[in-house]
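*Asks:* Residue-level listing of the chains:
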Amino acid sequence: MTKTADLLPGTLDMLILKAVSLKPLHGYGVLVRIKQISGDALEIPQGSLYPALYRLEHQELIAAEWGQSENNRKAKYYTLTEAGRRRLEEETAGWNRLASAIASALNTEPEPGGA
Amino acid sequence: MTMARLMPSVFQTLLRRPAFEDGMAEEMRFHIEQYTDDLVRSGVPAAEAARRARREFGSVDNVKADCREARGLRLFDELSLDVRYALRRMRKSPGFTATALATLALCLGANLTIFAVVDAVLLRPLPFPASDRLVSVFNTYPKAGVPNDGCSLTNYYERRGRIAAFSGVAAYRDGTAIVGETGATEREPITRVSPDFFSTLGRGPVLGRAFTEEETRPQADMVAILTDGYWRQRLNGDPNVIGKKIRVNGFERAVVGVLPADFSFLSSRTRIYFPLSSEPEEHSPKQRHSGNSDLIARLRPGASLAEAQAQIDAHNAVLAQDGAPDNKMMADAGFRSLVVPLRADHVAAIRPVLLLTQAGALFLLLIGAVNLVNLLLIRASGRIKELAVRQAIGASRRHVVNEVMVETTLITLAGGLLGLAVGAGGIRLLGALGAEHLPLGAHIAFDARSAAVALTGAIVLGLAISLPIAWYNLRSYSAGALQSESRGGTANRAAQRLRHGFIVAQIALAFVLLAGAGLLGLSLDKVLAVSPGFHPEKVLSGRLSLPRKSYQDGPAVLAFTERLQAELGRQPGVLAAGVATNVPLSGTSNKSTAKIKGRTPQPGESPRGIYSYSVGGDYFTALGFSLREGRFLTAADSRRAERACVVDEDFARRNWPQGGALGQRLFQGSEEGPDAEAYTIVGVVGAVKQADLTDDEAQGAVYYPLGHRPDHDLFVVTRTSLPPDSFAAALQSVVRTLDPELPVNDVRSMRTRIADSLVARRSPALLAGLFSALAVLLTAIGTYGVLSYAVAQRRREIALRMALGARPEQIRAQFLTLTLRLLAAGTVLGIFGAWLTGRAMQAVLFHVPVLPVAILAGAGGILAIVSLAACLLPSHRAARISPMEALVEG
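For the record, the sequence lines run as chains A and B. Mapping of the first sequence onto my numbering: position 114 corresponds to residue 114, and the numbering continues sequentially without gaps. Mapping of the second sequence onto my numbering: position 217 corresponds to residue 217, and the numbering continues sequentially without gaps.
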């Protein structure tokens, strides 16, 4: 079993938006997709997935529609809305800025001959 | 994302709640099945896979709860839980619930009733477009004692189109007319209006047309516009009525228009409108100050009242230079034309009384609210421990506050709904008290608007009341109710202080209300004690309007009145009969001026407005005037060539302070005429209250013989030995035998006229009395409730003291002292409040000082008796506590 990392607070929404931006997914599909696109490194606590989905739907960042699953069961599919796409772009840019700032901070070498 | 955008989504979810719940369950079931399938596919045994899938998903119920919260549903779920809980608690204490609901229903109902009047009279816009731009213009002669003399037709013709600030000017004149075919005539209130009347108001006939300029010529004025009411009742709503004829005062008039159903001009009861036609001399500059019409105007958009006033002043100033003989006299009288908002002008007299009554109702509501807070506080203290336990095991402060708010708001809302019913009844009661006779009183209605205000008020009240209760609940927990015994905690002491403070407030408020009611009552009493100046007992009066077609000139009118007096004199029980152009306190009065022969006015002395009436028959005897000097006018004076008149003592005293009015001569109007037109004063009579019992200023009055100063509009007056109302039918039939087409209307005894003239004083006094009675009752309930609770709470302490030898009288005295202390504090505050109230009420009081001792003593006495009575039962109960039982129970 690969080692999984804990989710940073606030990143779950971003990951969900990313997952449904690729193609419409049902709840379980979102979970599988996040695990897959993170190379099995991220695992979402199952209990927090649905409240996050309902919250995003309430904020109209994603939209839900009932459809048929691969094995012909009724399932609720989530898609990204226009507002969701903008939010995802903002969050991605913000995350990248933060990540590179943290990376550069952590890579700083001690200055030679410091006082 | 804004609240406004989210709320609809919350409501949609609420509406489709079952579908939402089903979908959520389905979605999670699907998730667990899919996961199980995946686990099975990866080699886990089926039973183990299902178990693991469920375990890793966690509690489905918790996830669902989180999802609901994410959707903003949690608040609503909690709310419905709180509502159910509150309802259960209300059912469990029916005594409290009934008291609270009755208190609220009465207090809110009283406020709703008064508000419906305030709304109709003071607040609601008049039913015309941009009605705030409608103004009234009237002439005032303050130095002559005539504050408002209406306007003249001359004013109308001189002003229309010439005042830039006005987009429209119109004149009107109220009157009555006999309408209908011979044998089926009715007297109807009518208004004659200028052609631009309807366009100035902004609303006109829905059927047909308004009047034309051509129709202001007396030769072309036989047309009429009907109100919707007249059209429906008398003409069955005939859709082809335009062009048909109706008979008015014996002549035919063609109907040219019908007004909309909701057309109503101020308080007018007019049923038919006629053109205000006139001969040119009726609006010549000589008639400029005749004051026989009223003028309204519409301000042009953007024009202000001040601009209009300035333009009217400038216009008057130019006209005052036209060399007319009375210009100087009018200037001396302080003549000006005032532009005032139409509605404000119309309701000015009643405004302070209405606001005062509403303030009284609000005081009552305040007392009721204080009562409710105290009852709720007592109830809350019964569940301190329950709340403390719940907070200890995790109930949030927000939840405790919510619960209280839900409960109190529920109670006030229910009380508000009951209050709507009380208010609907109250508005009926107001009808009985004569509210419909108030200006705009016909508009008083119980409608969605007042109901919405009442319910909003109920909700706000509920939230306000919940604040002290919530404070108490939270505080009791932080003060450690779990550890403390049932009494002794600081929270309890604070709550006790709060309860006692509220009782003090309640006593103070009730005191103010009682004092206010007392002031109004005392004032009414003073007014009733005023002598009207005549003897109103057993006097019946009615109005006649002789149509010009049958009674073309003065002699015809005189002949009719003489026949009428003779016929009335033959009726059994009639002691005296007479006619006059007006009777005292009829609601109308007419002033003009008189010139004393041979007297030159002092420079700057202004002519006075004097009540001037024509009388016939034995008018003075019939009404019971007192004779000071000389003799009364009699029927013979109307036939005599030498003109005689009678003046009242005020007129005599002002003009001949040393006496000697008899034999002096005067002329009608402001100019001396030929000697043959001079009237010789043959008698001086006592002054009567002409317009109102509270008239303090001596205006003076002159009475002329009807034969020399005829008029078609008359009052007929009889003094009988029988109760006057029983003579009403006989009066009608006597008139009908003389002229079958002539109705007598407004038939009332003089006693009734006096009573009716006091409606604006009696009704507020009655209402204030009613409010005070309720306030006293509420104070009694409040005091009783708090003291009963104090006794119950201190049961063990009392028992212990009694076991140690305290006598029952000592226990009783303890509660008596408490009551007296609260009473004393409340009374002191109340006296201060009553003083403020008395000062604020001076404008509506008649000869009553700000703070009469009798009223203070009365209010204090009533409250003392009531609070001591309320304290009797609880203190008695305390004194009878059995030490054994109480201590063993504990």
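Just so you know, these hints were derived from the structure itself, not from any lab. Computed from a predicted structure; not experimentally measured. There may be inaccurate statements among the hints.
[Stated by the list, open to error] Below, simulated DSS-like cross-link-like pairs (lysine-lysine); rule was C-alpha separation at most 30 Å, straight line:
no. : chain 1 : residue 1 : chain 2 : residue 2
1   : A       : K23       : B       : K64
2   : B       : K64       : A       : K76
3   : B       : K591      : A       : K35
4   : A       : K18       : B       : K595
[Stated by the list, open to error] Chain A is nowhere near these chain B residues, computed Cβ spacing over 10 Å in every case:
no. : residue
5   : G23
6   : M24
7   : C67
8   : G72
9   : A164
10  : L816
11  : I865
For each residue, glycine too, the CB sits at the ideal point set by N, CA and C.
*Asks:* All the hints need checking, so say for each whether the structure fits it.
*Replies:* Going through the hints against the structure:
1. A:K23 <-> B:K64: holds, 25 Å
2. B:K64 <-> A:K76: holds, 15 Å
3. B:K591 <-> A:K35: violated, 100 Å
4. A:K18 <-> B:K595: violated, 102 Å
5. G23: The claim is violated: B:G23 sits with its nearest Cβ about 7 Å from chain A, within 10 Å.
6. M24: At roughly 8 Å from the nearest Cβ of chain A, B:M24 sits no farther out than 10 Å, so the non-interface label is violated.
7. C67: Since the minimum Cβ distance to chain A is about 4 Å, B:C67 lies within 10 Å and the statement is violated.
8. G72: violated, 7 Å
9. A164: holds, 57 Å
10. L816: holds, 63 Å
11. I865: holds, 62 Å
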